[in-house]
Each structure stands twice: as structure tokens, then as C-alpha cells.
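**Q** Same order as they appear, the protein sequences are chains R and S.
Quick note: the first sequence, position 18, residue 18 per UniProt numbering, numbers continuous.
Quick note: the second sequence, position 22, residue 22 per UniProt numbering, numbers continuous.
In short, the hints are calculated from the structure, not lab data.
Please read all numbers here as calculations on a predicted model, not as lab measurements.
Check each hint, because a few of them may be wrong.
Stated by the list, open to error - Straight line, CA to CA, 25 Å or less: simulated PhoX-like cross-link-like pairs of lysine-lysine:
#: 1; chain 1: R; residue 1: 66; chain 2: S; residue 2: 78
#: 2; chain 1: S; residue 1: 9; chain 2: S; residue 2: 69
#: 3; chain 1: R; residue 1: 62; chain 2: S; residue 2: 76
#: 4; chain 1: S; residue 1: 24; chain 2: R; residue 2: 62
#: 5; chain 1: S; residue 1: 78; chain 2: R; residue 2: 63
#: 6; chain 1: S; residue 1: 69; chain 2: R; residue 2: 63
#: 7; chain 1: S; residue 1: 78; chain 2: S; residue 2: 9
#: 8; chain 1: S; residue 1: 9; chain 2: R; residue 2: 66
#: 9; chain 1: R; residue 1: 275; chain 2: R; residue 2: 325
#: 10; chain 1: R; residue 1: 63; chain 2: S; residue 2: 9
#: 11; chain 1: R; residue 1: 275; chain 2: R; residue 2: 245
#: 12; chain 1: S; residue 1: 76; chain 2: S; residue 2: 64
Unchecked claim - Calculated Cβ distances over 12 Å to all of chain R for the following chain S residues:
#: 13; residue: 5
#: 14; residue: 7
#: 15; residue: 26
#: 16; residue: 36
#: 17; residue: 41
#: 18; residue: 42
#: 19; residue: 46
#: 20; residue: 51
#: 21; residue: 53
#: 22; residue: 56
#: 23; residue: 64
#: 24; residue: 65
#: 25; residue: 72
#: 26; residue: 77
To be verified - Incomplete in silico selection of chain S near chain R, CB under 7 Å:
#: 27; residue: 1
#: 28; residue: 19
#: 29; residue: 44
C-beta atoms are modelled at their ideal positions from N, C-alpha and C, and glycine is treated no differently.
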Amino acid sequence: MRRVVVTGLGALTPIGVGQEAFHKAQLAGKSGVRTITRFDASALPVRIAAEVDVDPEAYLDKKELKRLDRFVQYALISAHLALEDAGLKPEALDPERVGTLVGTGIGGMETWEAQSKVFLERGPNRLSPFFIPMMIANMASAHIAMRYGFMGPSTTAVTACATGSDAIGQAFRMIQWGEADVVLAGGTEAAITPMAIGAFAVMRALSTRNEAPEKASRPFTLSRDGFVMGEGAGVLVLEEYEHAKRRGARIYAEVIGFGRSADAHHITEPHPEGKGAALAMARALKDAGVAPEQVGYINAHGTSTPIGDKAEVLAIKKVFGEHAKKLMVSSTKSMIGHLLGAAGAVEAIATVQALYHGVIPPTINLEDPDPELDLDFVPEPREARVDYALSNSFAFGGHNAVLLFRRV
Amino acid sequence: MTEQEIFEKVKAVIADKLSVEPEKVTLEARFIEDLGADSLDTVELIMGLEDEFGLEISDEEAEKIRTVKDAVEYIKAKLSA
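Hey, can you work out the whole structure from these sequences and the hints?
**A** In C-alpha cells, the structure reads:
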């Protein structure tokens, strides 16, 4: 089987744009959560989110921007950052051997809301001819392929909060199986909109800690009260090992395992004992032939919801037994909120950086740890040389996707 | 509305919808070949002209409007009808 390595990281996150800025911000324990500025949220019960600070005009021309929903803009910016970070000139690649697989949980929500208004106020004949091509979920991959002329397999993943991990896992298979030599893989999301915030809020899924935004995302604490919506994108350059070696690429880590499962339980709630989550972790380990005791770090799904965090801890204990206490487990969402379809991708970047730099990123806001959740959640960044690390993603609908990386 | 006034308004709609410099929008300019429009852009452009002038342009009529001049003449005729 062909080996797959990570050679480029494109991070567009609420705490930093570009992998270096993102890495530094994680080690500083920075929070990207703040009062919503994207729209007037004063009438909503939830008025906080983790927004991205980026000027799309620095990356895309004005005409392009008008025709692209923000979720596609983010994907294109991250793809650019990833290629640049990998030192890859698109024209130096065989375009027929480059695939694209950047998913989204929701798609063009902002466009959908704007066009719904047109539809209701002015009728169906005034809808924009760009409405559908701006909104549909596959367009992140499609636009990356078009922009660079990449003609390898191009598809998407739409598995809510597991999207980013699912996309990277599927891209890993594409290269393993010889469908492509390079794949731009990851996830993107831009759902800080009135309807999306409103809708997640009525589900009681979001934290309402409006008066202290940077404290709102607090996974594994006693006072956690829901997740914080984030936005952004993560795109990784996955590359076949020999291909990367031949061009002398910097290799951040190797992708060695991918495990998936379904909870088959409930539309939004995780299985209370984390049964599906445990299956996915076990399958990722089995995929790579790695024993649980070899794993040193887990980048948790860790959304800061009361039942989600508990189910994840139970799942980790089930898979790792006694070793669970020796593992380091941290939640990137404590800093950047929940990027839904982009979460798994940005967290995969954080996991790969932990292996590469030998520093485990922290779980911030761990001020009142929940005594029932008794793992090592790494409240401060910690220097540690780890050989194997997992990145967990669990979704609405019960989709579970887990990636296993190895230090190279 | 004089022909010049119509032209100025048409020019502004085209510059906005197609994201082109207004000076590129000459009477002779063709939407697709000269101004870089694709099939969806032209649909949006016709809708923009309908809004600007309060007109309804049928698909059959819209298909014949391929240049800035076509648009100006069509609108002039329609407004004076």
C-alpha cells in the first residue's frame, strides 16, 4: 500500500491565518471567541462566535468574490495557503494526478438566507442565477480544481461536524489506492449567520455565556454549557510518500489510519456511552496496526457540550483502558470554537503540528474541571515527543471519523 | 429619457453585474466576447436591466441582446412604446 504524508498546511482560523500564526496562537492559549460582528445579533439569545479576520480581497479578485459564498472563499484561501506552505507550484504538478476533497457541513448558508429574502419579497423569477452554484456543498472542491486546473478525483464530504476528518480520511484512501498522488483535503465553513446561529441556539446546542466570550468554550469543565460557533477552513496537502521525497518536501507527519462508524442512535445526541466514537477510534488504530498503548496524544472532538464531552471521555476509556490516564487529550475548540465542517481539518492541522513541533496544544478555560471527566486535558501547552496521535470528530447524525497520524 | 441617459444607466448596470471597468462598456462591446460574461452572467445582466428600467424582457427577446448597443436600442424602443 502506498504511504501518505502531510506536506502542506493551510489554516484559516479565528485565532490566526496561516499555519504559523495558528500554531503560535495555540501555544499562547488564545481565544478567538468574541461578540458577533458579522451581523446584528442583539436580538438573539446567543451573541458570540469565533469569527475569522481575513480580507478575501487580498487573495481573490472582486469579480470572483461576488460569485462565491464565503465558505468557498475560505476554502480557496486555505488551499492557496496550503500549496504555498508545501512549496508546491501548481504548474510543476501533473494536474491529472491531483485530487480535491474539501467538504463543508452546511454549505452556502449566507447565500441561501439572502436569496430566501429575494424569493419571499420578489418571487422566484428574481432569484440569482448564481444562487445554486454559490450554495451547493461540492463547490469548495470544484472551485479549487478549477482555479488550479487539477483534474484528479474531485468530490466532497458532508457529514456535519465530522466532515473535515472524513474528507482527509477519504483523501488518504485516494492516494493509498493510487487514484491520485496529491490531494488537497479538508473542510470549510461560514455559518455565522442569523439563521444558523438562531437555529443552533433554539436547539440549546450553543453556549450563552455572552458576557464572557473568551471563556465560553470550556470543554471538560463542570460549567460547560454548549459549543461556540466558529468559522474558517483547513486544507492539508496530502502527498504520496515517494512523490514528496523526490521533491525534497518538508514532511509534517504521516497519515496512517482512518476509522469511521455510525452511532445509529439519535439525530443530534451522541450515544451516551460513546459506543460509535469508540468503534471509530478502534478502527483507526486497527487500520494502521497500532496498539492503543503507542498513542500519546488525542486531539479531542471536545465541543464543550454537557453530553458530548462525557461520551467522548467514556469512549476514550473504553478503547484505551488503563492507558487512557497516561494519554494527553486536548480540545482545540476551547480556543477556536466549533468550525463544524472545518473543525476536523483545522484540528488535524493542530494534531500534525503537535507531532512535528513536539508541543501539545492546550485545552484553555479548564478552570473548574469536571471531576467525572478525569483525563489529562493539558491546561497549558506542554513539550512532549509523541509518536502517534489521533484526531477525533463526531457529528450530528452520529457520523464518527477518526484520523491517526505518525511522527516522521 | 434620451439615448445618452439610457446608455449611461446601462453602462452602470453592466459594470456592476460583470465587474468590468465602465470605460470598457462601449456601444460596440459584446457581453460574452468583449466583457467576459458567461451564460449565467447574461441572465443576471438582463435581470439587472429589468430592475433598472422597470421592464420585463422575455427570454426570446433577451437572446437577441448581445451587445451594449442591442440593449440600449431595445430599452429605448420599449420605453417609447
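**Q** Run every hint past the structure and note whether it holds.
**A** For each hint, the structure was consulted:
{"no.": "1", "hint": "66(R) / 78(S)", "in the structure": "violated, 30 Å"}
{"no.": "2", "hint": "9(S) / 69(S)", "in the structure": "holds, 13 Å"}
{"no.": "3", "hint": "62(R) / 76(S)", "in the structure": "violated, 31 Å"}
{"no.": "4", "hint": "24(S) / 62(R)", "in the structure": "holds, 16 Å"}
{"no.": "5", "hint": "78(S) / 63(R)", "in the structure": "violated, 30 Å"}
{"no.": "6", "hint": "69(S) / 63(R)", "in the structure": "holds, 23 Å"}
{"no.": "7", "hint": "78(S) / 9(S)", "in the structure": "holds, 15 Å"}
{"no.": "8", "hint": "9(S) / 66(R)", "in the structure": "holds, 21 Å"}
{"no.": "9", "hint": "275(R) / 325(R)", "in the structure": "holds, 19 Å"}
{"no.": "10", "hint": "63(R) / 9(S)", "in the structure": "holds, 20 Å"}
{"no.": "11", "hint": "275(R) / 245(R)", "in the structure": "violated, 39 Å"}
{"no.": "12", "hint": "76(S) / 64(S)", "in the structure": "holds, 15 Å"}
{"no.": "13", "hint": "5", "in the structure": "holds, 25 Å"}
{"no.": "14", "hint": "7", "in the structure": "holds, 22 Å"}
{"no.": "15", "hint": "26", "in the structure": "holds, 19 Å"}
{"no.": "16", "hint": "36", "in the structure": "violated, 8 Å"}
{"no.": "17", "hint": "41", "in the structure": "violated, 8 Å"}
{"no.": "18", "hint": "42", "in the structure": "violated, 9 Å"}
{"no.": "19", "hint": "46", "in the structure": "violated, 10 Å"}
{"no.": "20", "hint": "51", "in the structure": "violated, 8 Å"}
{"no.": "21", "hint": "53", "in the structure": "holds, 15 Å"}
{"no.": "22", "hint": "56", "in the structure": "violated, 9 Å"}
{"no.": "23", "hint": "64", "in the structure": "holds, 19 Å"}
{"no.": "24", "hint": "65", "in the structure": "holds, 16 Å"}
{"no.": "25", "hint": "72", "in the structure": "holds, 23 Å"}
{"no.": "26", "hint": "77", "in the structure": "holds, 22 Å"}
{"no.": "27", "hint": "1", "in the structure": "violated, 23 Å"}
{"no.": "28", "hint": "19", "in the structure": "holds, 4 Å"}
{"no.": "29", "hint": "44", "in the structure": "holds, 5 Å"}
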